[in-house]
Amino acid sequence: MEVRQEKRGVVEVKDDKVFTWPTLVAKEFLAAIFVTVGLLVYSYFTDAPLRELSNPGQAENPAKAPWYFLGLQEALVYFDPWFAGVVLPSIIVVGLIMIPYLDNNPKGNGYYCYKERKFSITVFMAGYVLWYILIYIGTALRGPFWAFFWPWEKWTHDFPTPPPLHSLPLPLGVILVCGFYFLGMTIPALVKKDFFQKLGVIRYALTMGLLLTMIATVIKMVFRLAFNVKYIIATPWINI
Amino acid sequence: MKLLQQLIKLITDNEIWRSVFRHGYSDTPRNRVLQIISNIWLHLHPAKVREHGTKIRFTWCMGGITFFIFLFETITGILLMFYYVPDVNRAYADIVDLMYVVPFGRFLRNSHRWGAHAMVITVSIHMLRVFLTGSYKPPRQFNWVVGVVLLVLTFLLSFTGYLLPWDQLGYWAITVGTNMARATPLLGHEGPFSYILGMKANNDVRFALLGGTMIDAPALLRAYVWHCVGIPVIAAALMMVHFWRVRKDGGISGPL
Ligand code: HEM
Numbered sequence: 001m002e003v004r005q006e007k008r009g010v011v012e013v014k015d016d017k018v019f020t021w022p023t024l025v026a027k028e029f030l031a032a033i034f035v036t037v038g039l040l041v042y043s044y045f046t047d048a049p050l051r052e053l054s055n056p057g058q059a060e061n062p063a064k065a066p067w068y069f070l071g072l073q074e075a076l077v078y079f080d081p082w083f084a085g086v087v088l089p090s091i092i093v094v095g096l097i098m099i100p101y102l103d104n105n106p107k108g109n110g111y112y113c114y115k116e117r118k119f120s121i122t123v124f125m126a127g128y129v130l131w132y133i134l135i136y137i138g139t140a141l142r143g144p145f146w147a148f149f150w151p152w153e154k155w156t157h158d159f160p161t162p163p164p165l166h167s168l169p170l171p172l173g174v175i176l177v178c179g180f181y182f183l184g185m186t187i188p189a190l191v192k193k194d195f196f197q198k199l200g201v202i203r204y205a206l207t208m209g210l211l212l213t214m215i216a217t218v219i220k221m222v223f224r225l226a227f228n229v230k231y232i233i234a235t236p237w238i239n240i
Numbered sequence: 001m002k003l004l005q006q007l008i009k010l011i012t013d014n015e016i017w018r019s020v021f022r023h024g025y026s027d028t029p030r031n032r033v034l035q036i037i038s039n040i041w042l043h044l045h046p047a048k049v050r051e052h053g054t055k056i057r058f059t060w061c062m063g064g065i066t067f068f069i070f071l072f073e074t075i076t077g078i079l080l081m082f083y084y085v086p087d088v089n090r091a092y093a094d095i096v097d098l099m100y101v102v103p104f105g106r107f108l109r110n111s112h113r114w115g116a117h118a119m120v121i122t123v124s125i126h127m128l129r130v131f132l133t134g135s136y137k138p139p140r141q142f143n144w145v146v147g148v149v150l151l152v153l154t155f156l157l158s159f160t161g162y163l164l165p166w167d168q169l170g171y172w173a174i175t176v177g178t179n180m181a182r183a184t185p186l187l188g189h190e191g192p193f194s195y196i197l198g199m200k201a202n203n204d205v206r207f208a209l210l211g212g213t214m215i216d217a218p219a220l221l222r223a224y225v226w227h228c229v230g231i232p233v234i235a236a237a238l239m240m241v242h243f244w245r246v247r248k249d250g251g252i253s254g255p256l
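Protein chains in written order, with the numbering used here: chain X, 1 to 240; chain P, 1 to 256.
The set of hints was computed from the structure by calculation and includes no laboratory data.
Just so you know, these numbers come straight off a predicted model, no measurement behind them.
Idealized CB from N, CA, C, for every residue including glycine.
Hints may be right or wrong, so weigh each one.
Calculated cross-link-like contacts (lysine to any residue; reagent style SDA-like; alpha-carbon spacing at most 25 Å) [as the list claims (entries may be wrong)]: (1) K17(X) x I56(P); (2) K107(X) x P89(X); (3) K48(P) x D15(X); (4) K55(P) x D249(P); (5) K118(X) x F131(P); (6) K107(X) x V201(X).
Sample of chain P residues lacking proximity to chain X, with all beta carbon distances greater than 10 Å (derived) [as the list claims (entries may be wrong)]: (7) I56; (8) T74; (9) E190; (10) A201; (11) G211; (12) A235.
Per the computed footprint, the stretches of chain X lying under chain P, defined by three or more beta-carbons under 8 Å from a beta-carbon of chain P, are [to be verified]: (13) 15-26; (14) 57-64; (15) 70-84; (16) 106-115; (17) 184-194.
Please model the complete structure; the sequences and the hints are all you need to start from.
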């Protein structure tokens with residue numbers, strides 16, 4: 001049977017090997033000790049939260065998911081639950097899984113280097129930072145009724161009523177979205193021809209599709225914050 | 001000095017000792033290798049590694065620390081299981097007991113809780129370092145995929161644990177989280193196009209997750225079983241795959 005393995009040219013790997021014992025094992029044990037001590041000391045001084053007995057009749061306000069999901073909960077301000085809570089996280093997970101298959105730049109494999117991988121590092125870092133910014137907003141800046149409070153403001157229940165929201169007319173929304181994706185797909189391909197050629201059509205389309213969706217998510221947030229737009233596309237079946 | 005040597009000889013130079021420890025400890029290359037390969041736990045490692053791979057500034061040690069915290073959580077978690085029963089009438093009281101009655105219970109619960117948060121943080125930092133070193137590139141693509149699944153499992157582990165204290169914090173956090181499921185397109189009864197499949201509150205994905213239409217005894221039991229058995233077993237299995245692949249993909253990545 002054919003051996004299914006990627007063809008790898010013969011590479012001269014320079015022999016810089018050292019004994020695992022003790023070089024690596026010693027470090028691992030030290031790390032384990034530090035982590036244990038750190039966790040135990042922290043646990044000695046800080047109590048894990050525990051509120052009153054759960055009561056289905058009395059909702060917490062604000063009711064917050066665990067902190068690592070607050071980015072998604074924050075996204076609920078700008079999107080319907082089917083998108084913020086289900087489709088968006090799915091896109092993120094699938095997008096992460098696809099990274100190795102989309103990024104066919106052979107350089108920068110196994111060492112830190114920004115210059116050889118500007119595009120991929122920039123995009124990934126943008127997403128990574130965005131995730132944590134949203135978590136920060138959701139954790140620290142959202143009070144009762146998920147209203148926005150600056151860190152120096154006190155959480156109160158009487159904040160000004162938010163301005164009414166409106167949706168864009170359907171034709172305008174469709175044109176905006178289609179235009180955005182169309183231009184976003186074509187312009188980089190035309191301007192950066194070698195980028196397009198190196199990736200090939202399929203990789204290019206998937207990469208840009210994911211990137212544009214990430215950008216569109218941010219744009220929608222801006223629309224909402226700056227122009228009180230509820231939905232870009234509003235239909236009886238699905239709104240976004 | 002002589003006495004000490006005699007004592008050492010007495011302890012080590014006999015059948016019992018040698019049946020356990022197969023080699024001496026004098027510092028020879030041979031013993032350094034044996035130290036790794038004759039030890040079931042350490043032989044996860046190759047006997048020799050490329051030097052940069054042992055540098056903390058390269059791996060940030062974050063994969064290893066994530067794994068270590070997973071073990072830490074396993075141990076503290078097992079201890080917690082001695083004191084906690086996932087029954088809606090008892091769960092909260094058991095946690096209060098842990099905090100105020102059980103000796104070291106508060107310390108135990110705190111370390112399990114903070115360990116869980118720490119693991120979520122270290123796993124995401126590990127992912128960041130793997131990305132920045134480009135270590136997902138061929139031939140390690142698949143191990144990145146395994147990693148992403150482990151990332152999701154880490155979130156789910158932490159999330160299912162959140163409900164167990166059965167307090168307001170956990171209850172409403174899980175409410176917010178699982179309410180998302182009812183908006184799942186097609187599969188959640190409030191999601192777009194779900195009418196096509198005839199989804200209702202009592203047959204959609206949220207119902208399957210909670211074992212009911214609201215968070216109650218079945219949901220607590222499900223969270224408990226997933227948290228203590230289901231997800232840890234899956235995660236442990238995938239970690240074995242993950243580590244195996246690190247070795248099979250040519251060891252820790254590095255410049256050629
Ligand atoms: C429970 C979670 C995880 C554990 C316990 C774990 C553990 C480890 C360990 C111990 C290593 C060896 C090198 C190092 O310490 O950096 C490693 C390497 C690796 N991990 Fe993870 N990991 C986890 C999650 C992830 C995630 C979320 C990703 C990516 C999305 C990932 C991708 C990789 C890859 C590609 C390597 C090979 C890196 C190289 O050769 O330089 N892992 N992992």
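Task: Status of A201(P), Cβ more than 10 Å from any chain X Cβ - done: Correct as stated: the minimum Cβ-Cβ distance to chain X is 15 Å, above 10 Å.
Task: Status of the stated non-contact between T74(P) and chain X (beta carbon gap over 10 Å) - done: holds, 14 Å
Task: Given pair status - D15(X), K48(P), alpha carbons within 25 Å - done: holds, 11 Å
Task: Reported absence of G211(P) from the contact zone with chain X (all CB gaps over 10 Å) - done: holds, 15 Å
Open item on the list: Hint check: K17(X) vs I56(P), CA-CA at most 25 Å. Holds or violated?
Closed with: holds, 16 Å
TODO: Would you check the hint for K118(X) and F131(P), treating anything up to 25 Å between C-alpha atoms as holding?
DONE: holds, 13 Å
Task: Residues of the segment 184-194 of chain X with Cβ under 8 Å from chain P, three needed, outcome - done: Since 0 is below three, the answer is violated.
Task: Pair hint K107(X) and V201(X), alpha-carbon separation not exceeding 25 Å - done: holds, 21 Å
- [ ] Decide if the proposed pair is consistent with the structure: K107(X) and P89(X), CA atoms, cutoff 25 Å inclusive.
- [x] violated, 29 Å
- [ ] Examine the segment 70-84 of chain X: at least three residues should have C-beta closer than 8 Å to a C-beta of chain P.
- [x] Satisfied; 6 residues make the cut.
TODO: Assess, step by step, whether the Cα of K55(P) is no farther than 25 Å from the Cα of D249(P), and give holds or violated.
DONE: holds, 19 Å
Task: Least C-beta distance from I56(P) to chain X larger than 10 Å - done: At roughly 7 Å from the nearest Cβ of chain X, I56(P) sits no farther out than 10 Å, so the non-interface label is violated.
Violated hints, listed in ascending order, are 2, 7, 9, 17; each of the other numbered hints is respected by the structure.
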